[in-house]
Each structure stands twice: as structure tokens, then as C-alpha cells.
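Line by line, the protein sequences are chains A and B. If you count the first sequence from 1, you need to add 2 to reach the working numbering. If you count the second sequence from 1, you need to add 2 to reach the working numbering.
In case anyone wonders, no lab produced these hints; they're calculated from the structure. Take these hints with a grain of salt, some might be off.
The list treats identical chains as one, so a pair stands whether inside a single copy or across any two.
Said to hold, decoys possible - Dumping the calculated DSS-like pairs for lysine-lysine here, alpha-carbon to alpha-carbon at most 30 angstroms:
(1) Lys-44 with Lys-216
(2) Lys-186 with Lys-296
(3) Lys-186 with Lys-281
(4) Lys-215 with Lys-17
(5) Lys-160 with Lys-50
(6) Lys-160 with Lys-216
2 protein chains.
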Amino acid sequence: MTTYQLEVIENTAKKDKPAQDQIPFGQTFTDHMYIMEYETEKGWHEPKIVPYGPISLDPAAMIFHYGQTVFEGMKAYRTEDGRVLLFRPEKNFERLNLSSERLSIPPIDEELALEHLKQLIKLEKDWVPKTPGTSLYIRPYIISTDANLAVGPSSTYKYMVILSPVGSYFPGGLQPVVIHVEDKFTRAVKGGTGMAKTAGNYSSGYQAQANAKKEGNADVLWLDGVEKRYIEEVGSMNIFFKIDGEIVTPELNGSILKGITRMSIIELLNSWGIPVTEKRIAIDELYEAYQAGKVEEAFGTGTAAVISPVGELNWQGQKMIINNHEIGELSQKLYDTITGIQTGKVEDTLDWTVEIN
Amino acid sequence: MTTYQLEVIENTAKKDKPAQDQIPFGQTFTDHMYIMEYETEKGWHEPKIVPYGPISLDPAAMIFHYGQTVFEGMKAYRTEDGRVLLFRPEKNFERLNLSSERLSIPPIDEELALEHLKQLIKLEKDWVPKTPGTSLYIRPYIISTDANLAVGPSSTYKYMVILSPVGSYFPGGLQPVVIHVEDKFTRAVKGGTGMAKTAGNYSSGYQAQANAKKEGNADVLWLDGVEKRYIEEVGSMNIFFKIDGEIVTPELNGSILKGITRMSIIELLNSWGIPVTEKRIAIDELYEAYQAGKVEEAFGTGTAAVISPVGELNWQGQKMIINNHEIGELSQKLYDTITGIQTGKVEDTLDWTVEIN
């Protein structure tokens with residue numbers, strides 16, 4: 003189809019690349035970005051790679067008023083021998099379309115999106131940093147653009163991809179964090195948008211996160227919106243526990259994000275012969291297990307950190323100190339294996355990486 | 003303060019105004035718009051009235067990714083003798099700041115915002131339509147503008163106001179609507195953002211609304227997110243019932259929007275000596291009352307429609323036909339009184355209107 007021909011407009015004024023050891027997350031962007039437009043009659047059309055720069059929207063554009071938008075987060079990694087790898091990118095595009103369905107946004111062609119992403123990263127290959135722990139963060143997103151204040155789905159959209167070189171999530175090495183168990187604010191509820199990666203799910207957590215930070219916590223652990231009892235996510239990561247030898251994680255219930263790192267950890271553990279139980283985990287039962295000395299490890303999982311060990315949970319004035327604030331053996335092994343696969347240091351036996359050629 | 007001096011840049015290329023009898027909602031905008039910027043160091047500053055036109059944002063602007071944004075909706079009305087009235091605008095700015103607090107957005111100066119709104123509308127006075135039922139819709143909103151993909155509050159914002167002449171909500175006269183009682187999808191939950199006017203609350207309803215429309219319903223009635231039993235809102239309006247002579251409406255519980263029309267109806271009824279009970283209303287109890295022949299009227303309330311009579315509720319295969327699909331006496335009286343006050347036809351004994359001079 004002619005409308006699917008990718009047009010590339012090269013940036014002739016290339017930026018200087020930042021020093022690789024101290025790049026703040028998500029504030030530096032590469033020389034190019036990707037845009038594809040949607041109109042009801044034409045479908046998705048006119049994919050383009052253009053110089054990175056401001057976009058112009060009508061002040062009545064629906065994205066500003068009714069939040070019809072979805073996004074993804076993924077990374078490109080540099081191997082020691084200079085190759086560039088993506089990690090399960092097809093899962094991100096699959097989830098983007100799942101999110102879009104929930105938000106009444108028309109699906110994109112997942113294969114085409116991946117093909118065009120590869121071409122974008124190929125063009126920006128020099129932006130993929132080399133220092134250990136660094137990567138090129140990839141942000142695909144869709145915004146609704148009709149200039150119309152009537153509440154309802156837009157008839158026009160922009161699908162865009164921007165790229166940002168990012169430093170190590172743990173510049174001083176993997177570090178367990180202190181987390182507040184949130185019992186006032188709610189992230190998501192059954193029948194809501196919790197399973198979708200959509201903008202409103204994130205800013206709705208700011209107030210709880212600010213309160214938690216004031217009390218010395220790094221982030222919050224969200225409980226379910228109905229009973230305020232069952233564990234859902236930590237910050238914007240999924241969460242796992244090792245309790246009395248068993249690996250458990252909250253089951254996907256419609257209000258929890260279907261994390262790709264979460265999925266990969268389950269598959270990886272299974273490949274090692276270690277089962278993972280996906281189930282409802284009540285905070286009071288976790289506390290009981292903690293008091294019985296059975297909570298051995300806790301860690302968040304997500305694209306940004308991969309594995310973020312939890313050293314302490316604060317719940318209604320009770321402290322649960324996990325593994326003496328130290329990184330658990332399993333947490334470390336999972337972190338090393340997954341980051342190893344992502345950067346080509348560990349053999350990719352599960353066929354997860356996609357090389358940019 | 004010099005930073006609070008309003009700068010006005012007049013539009014020299016004024017648009018033609020649309021025919022007043024058939025203006026679609028929210029698609030036509032006036033010649034000017036209002037913008038004020040926020041930076042952490044400067045606070046809100048540089049308020050400006052400028053020609054209506056596109057705004058330019060970095061593709062990493064936080065509004066596109068994490069949905070930190072709030073808005074308001076209000077109207078300017080034309081009286082028969084040519085004056086222009088606002089309806090309780092101070093309540094909208096008060097609510098805007100309440101919404102902003104929930105979304106971790108810095109508050110605006112409510113008095114200044116009203117003063118500048120008046121100046122904007124004065125400049126656009128000719129855009130306030132004259133035909134009965136028409137008005138000038140006012141959309142104040144705040145968007146987060148940091149170019150930063152790190153999840154967290156923005157340090158820069160834009161507060162904007164755009165204006166749109168709108169036709170009558172009921173071009174054929176007040177008309178009862180058919181509503182689906184939603185028992186799968188959830189709009190909001192305790193601890194969430196339901197009480198805030200923020201973008202994500204609106205697009206999250208599209209899927210339920212589309213399903214309801216396929217089955218011949220105009221919109222959905224939302225139930226609470228916890229038990230899926232207690233009535234919350236209809237579409238993006240509050241809801242009232244007259245049951246066995248008693249006027250009832252769901253109590254403000256944190257997940258229901260604090261509607262200004264809702265508040266006005268309660269105050270108006272009280273001024274007539276009619277009490278309104280704000281309480282939890284269970285859908286099954288409503289159905290029982292319906293079967294006993296006690297549900298006399300039902301109506302949604304909001305800025306767009308003022309009063310939207312509900313003629314039928316569809317709940318789990320059961321139909322509740324209310325007042326024989328006809329407009330209730332109370333619904334009509336409230337509609338006539340409030341629209342009468344708004345347009346200067348009925349004496350404003352409660353001191354609700356603000357004239358633009």
C-alpha cells in the first residue's frame with residue numbers, strides 16, 4: 003500500500019550526544035521521531051520519520067480534554083560487541099493494541115509498527131549508549147487529535163515514537179527500596195483502565211506518591227480498589243514475593259498492568275523448573291507470613307528498573323523489613339539473567355531479543 | 003504584580019460566525035483564547051489573550067504521557083435585552099482548584115481567573131449566540147508541559163481558556179433519554195480521581211458508552227466501583243430521582259463529580275421548601291421502588307444539558323420506564339427556572355449570575 007511507504011526526512015542539524023554515565027531519565031531525545039496519522043476514512047497512513055521537534059495541535063484537541071491516549075515503554079540495548087538488541091518488542095505492540103481497545107482507539111498494524119521502529123532505531127543507532135546499565139528508552143504513544151469538545155472517541159489520532167538515551171536505573175548498583183503500602187488512594191479498580199497503559203493511570207498516583215515520599219518511602223504499593231486488601235502493583239511496576247520458598251505474584255485481574263518483565267520472569271523461572279503462583283495476595287496475609295519469618299524476598303519488575311528489590315514495606319504503622327534490606331539471591335539472579343540476555347551477555351535461550359540490522 | 007498584567011493581542015483576521023440554530027457542540031471556536039504559564043520559580047505568570055490558534059508542544063510533554071491535566075465547563079448566556087451572564091463561575095474556579103489538588107497541579111488565583119475570563123468574554127461578546135437554548139461554552143483547562151518521561155508532577159503548566167458557541171442541547175425541545183445501567187465497566191472508585199474533572203475520567207467511559215449505544219441507549223448510568231450496586235452518575239452528569247415524593251441524589255462520596263448544576267438544584271429546591279436527600283442509592287432498591295410504582299421522575303444534571311430527563315433505565319435485562327417516557331413536572335420546572343435565571347428571564351433571587359460589563 004502506498005500509504006504505508008515510510009518517508010524519512012533526515013535531520014541535518016544533529017545534536018551532541020550526552021555523557022553516558024549520568025543521563026537523567028527521559029529528558030534527552032534523539033535527532034528523529036516517528037509519526038503516523040489516523041483518519042476514519044484512510045485508517046493509519048503516512049508513516050514518517052522526521053526531525054525531532056515540537057508538534058502543533060489545536061487547543062481543542064481531544065487529548066487535552068478527555069485523555070484518550072495510550073503508550074508503551076521499551077528499550078534498545080547495546081551489546082559488548084556493538085550490536086543493538088530489542089527485548090520482546092512484539093509484546094509491547096500487542097499490549098499497545100490491548101490498551102487501545104480499552105480506550106476505543108483504532109489498532110495499529112503490529113508488524114508494521116515493529117518494522118518501522120527498527121528503521122527508526124537503525125537511523126539513531128549511535129544514540130544507543132554503551133556504558134553498562136544504560137539503554138535507549140523507546141516511547142511509542144497514540145494521542146487523539148480531533149478539535150472537538152464533545153465527549154466521545156476521536157476520529158483522528160497520531161501514533162508517535164520518541165527515543166531517549168537513559169542512564170542506569172541504579173547508578174550505585176542494584177539497591178533495595180522502602181515502599182509505603184497505600185490504603186487511602188486507589189490506582190485502579192475492576193472495570194476501570196488499570197490493565198491499560200493510559201495517561202490517566204499515572205498522574206492519578208502522584209498525590210499518594212508525594213505523601214509516601216514525605217515519609218521517606220521511595221514509592222507506594224497499591225492495593226485493590228474494592229477491599230483495599232489485595233496487593234496490585236508497586237509504583238508503576240508489577241510485584242513478586244518469595245514466601246516460604248514459593249514465588250508468588252498478583253494474578254492479572256483487569257486492574258493490574260500485564261507487565262512484559264513480569265511475563266518474562268515467570269517464563270524464565272519456569273524454564274529453570276521453578277513454578278510461579280499467580281494469585282490474590284492479601285496484605286494482611288503477607289504480614290502474617292512476615293511475622294512468621296517466611297517473607298524471603300520482594301521485588302518490583304518493569305522495563306525501567308528490570309528488577310527493583312524491596313527492602314521494606316510500611317503498612318499501617320507496621321514495618322516489614324525484607325531480607326535485612328539486602329538484595330535477595332533470586333532477585334539478583336533474575337536481574338543478572340534478564341539484563342544479561344538484553345545486552346547479549348547471557349545466551350538468549352528463550353528467543354526474546356530482536357537485533358537491529 | 004507585573005507578571006499578572008493581562009496582555010491582549012487582538013486577532014486581526016476575525017472568523018465568520020456560524021448560523022445560530024444548528025451549531026454542533028464544541029467544534030467552532032471564537033477568535034481569541036487565553037493562556038497563562040506556570041513555572042516553579044515564577045508561579046503562574048504572563049497571562050495573555052491571543053488569537054485562537056494551534057499550540058506547539060514538545061512530543062515528550064507530560065500531558066501526552068501521564069495525563070496530569072484538569073478542566074472545567076461553564077457557559078455564558080445572552081439575555082433577551084442583549085446582556086451576557088455567567089452562571090456561578092466562582093464555583094467552577096473553586097472546583098478547578100479542587101481537581102488540581104487531586105492531580106498535584108498548582109492552584110490558580112480564582113479571583114484573577116474570573117477577572118480574566120470576564121475580559122476574554124467581553125472581547126468575544128459578539129460570539130455569545132442569541133437564539134433560545136444557545137450559549138457560549140467556556141472551557142478552562144490546565145495541561146502539564148515538561149518535556150520529561152519520568153513519572154511525576156510537571157514543573158511547568160499552561161492554563162488556557164477556549165470558547166465555543168453551542169446550539170441548544172435539545173434542538174427539538176427537552177426530551178427524555180434511554181439509559182443503560184452499566185454493571186461491567188467502572189467510571190471511578192473511592193480513592194481514585196472520580197471527584198476531579200480530569201481527562202482520564204472521560205475516555206475511560208467510551209467503551210461502555212459505545213456498547214450502550216449499540217443497544218439503543220443514549221448513555222450509561224455508572225454504579226460504584228466497589229459493590230457495583232450504588233448509583234453514581236449518568237454519562238457525565240449527576241443524577242436525581244423523585245421517589246414516592248422524595249427528591250434523592252447520590253451523596254458526594256469522593257468518586258462522584260461535585261456538579262455545580264447539582265448543587266444549584268439542591269439549593270433551588272431548598273429555597274422552594276423542598277428538601278433533597280443526599281444518600282447512597284442502591285440500584286436494586288431503586289428497582290424495588292420502581293416495581294412498587296414509586297419512581298416518579300429521574301433526571302441527569304450538568305452544564306451542557308442543565309436537566310436531562312431519563313425516560314427509561316435498562317438494568318440487567320429489566321426495563322424501568324419512568325413517567326411513561328414523559329418529562330416530569332419537577333424536571334420541567336427545574337429546567338425552566340434554571341435556564342430562566344441563566345438567561346435573565348427569571349429573577350435571580352439566589353444571586354447566581356454574574357454580568358459581563
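When the structure is checked against the list of hints, which entries are broken? Sort them ascending.
Going through the list in order, the structure violates hint 4 alone and respects the others.
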